[in-house]
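Chemist: Sequence:
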Amino acid sequence: MIEAHNLTKTFKDKKRGVITAVDQVSFTCRPGQIYGLLGANGAGKTTTLRMLATLLAPTSGSARLAGFDVTADANRVRANVGFLGASTALYGRLTAREMIAYFGQLNGMSDAAIRARIQVLSAELDMAEFLDRRCDKFSTGMKQKTSIARTLIHDPAVMIFDEPTLGLDVMTARAIVAFVRECRNRGKTVIYSTHIMSEVEKLCDQVGIIHGGRLVAEGTVPELRARFGEQDMEEVFVKAVGGEAALAAALKN
7 MIEAHNLTKT
17 FKDKKRGVIT
27 AVDQVSFTCR
37 PGQIYGLLGA
47 NGAGKTTTLR
57 MLATLLAPTS
67 GSARLAGFDV
77 TADANRVRAN
87 VGFLGASTAL
97 YGRLTAREMI
107 AYFGQLNGMS
117 DAAIRARIQV
127 LSAELDMAEF
137 LDRRCDKFST
147 GMKQKTSIAR
157 TLIHDPAVMI
167 FDEPTLGLDV
177 MTARAIVAFV
187 RECRNRGKTV
197 IYSTHIMSEV
207 EKLCDQVGII
217 HGGRLVAEGT
227 VPELRARFGE
237 QDMEEVFVKA
247 VGGEAALAAA
257 LKN
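Read left to right, the sequence shown gives residues 7 to 259 (the numbering used here).
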């Protein structure tokens, strides 16, 4: 389970002073649920995800993952979370198998457990064809599948995906969406950030829309459609953040 309560993050800038990237964000995501976090670039969603994954310390507020506080119990949080960031970085000279195994070792897994888990992930993500090839020869889709596998090698209870299908071809994106759905079906707690509204409609049980660092709307897809009087989730999103002008201004900043 993920619980965020008044989560806030500020940064100091020499020219602009104190910048509030995330402003008192609160939400809950339960096991067997996918929570979609939507926002334009710079809205604060990635900063929120990084705080949940213990990569950034909150300025104020709190969050708990799998029962552990992200500040007081950061190591226990990391043992129970898999975080896939928006950018993929792999060691080019390692094979996919070696890359995944390395992260299994970092998580304290035995060699036998790593081998068994790689076999499962390879089958689920359709990696058999390139599992023993070096990462520097991979397509974008192969890299993303390898990144997902290394993120989830320790079979965490909580999964955080930040734009996991960005830049992928249609078939690879579909495979990853299906994989995320299956994680939910197995009772995992999943946060899913994306700009692709069709993925929101297919995957998300609850949706939170973040704008200017604040959570401005939250609910199921049908609830949000009813609230804003739109069937198209893109139109729902634009209305939730205050319209085209507000969105354009946010993107400029």
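What the hints contain is simulated information worked out from the structure, not anything from laboratory work.
Because the structure is a prediction, the values reported are computed rather than measured.
In this text, a Cβ means the ideal position worked out from N, Cα and C, and glycines have one as well.
Please note that the accuracy of each hint is not assured.
Said to hold, decoys possible - Restraint ranges, calculated between C-beta atoms of paired labels, are given here:
| hint | residue 1 | residue 2 | range |
| --- | --- | --- | --- |
| 1 | Arg192 | Gly114 | 21 to 27 Å |
| 2 | Lys20 | Arg121 | 23 to 29 Å |
| 3 | Arg121 | Arg192 | 17 to 23 Å |
| 4 | Gln30 | Gly249 | 37 to 43 Å |
| 5 | Ala122 | Thr16 | 23 to 29 Å |
| 6 | Asn81 | Asn47 | 28 to 34 Å |
| 7 | Asn191 | Glu241 | 28 to 34 Å |
| 8 | Arg192 | Arg139 | 26 to 32 Å |
| 9 | Lys20 | Gly48 | 16 to 22 Å |
Chemist: Are the hints correct? Go through all of them and say.
Modeler: The hints, checked one at a time:
no., hint, verdict
1, Arg192 x Gly114: 21 to 27 Å, "22 Å, holds"
2, Lys20 x Arg121: 23 to 29 Å, "51 Å, violated"
3, Arg121 x Arg192: 17 to 23 Å, "21 Å, holds"
4, Gln30 x Gly249: 37 to 43 Å, "23 Å, violated"
5, Ala122 x Thr16: 23 to 29 Å, "44 Å, violated"
6, Asn81 x Asn47: 28 to 34 Å, "31 Å, holds"
7, Asn191 x Glu241: 28 to 34 Å, "30 Å, holds"
8, Arg192 x Arg139: 26 to 32 Å, "28 Å, holds"
9, Lys20 x Gly48: 16 to 22 Å, "19 Å, holds"
Checked against the numbered hints given earlier, the structure breaks hints 2, 4 and 5 and satisfies all the rest.
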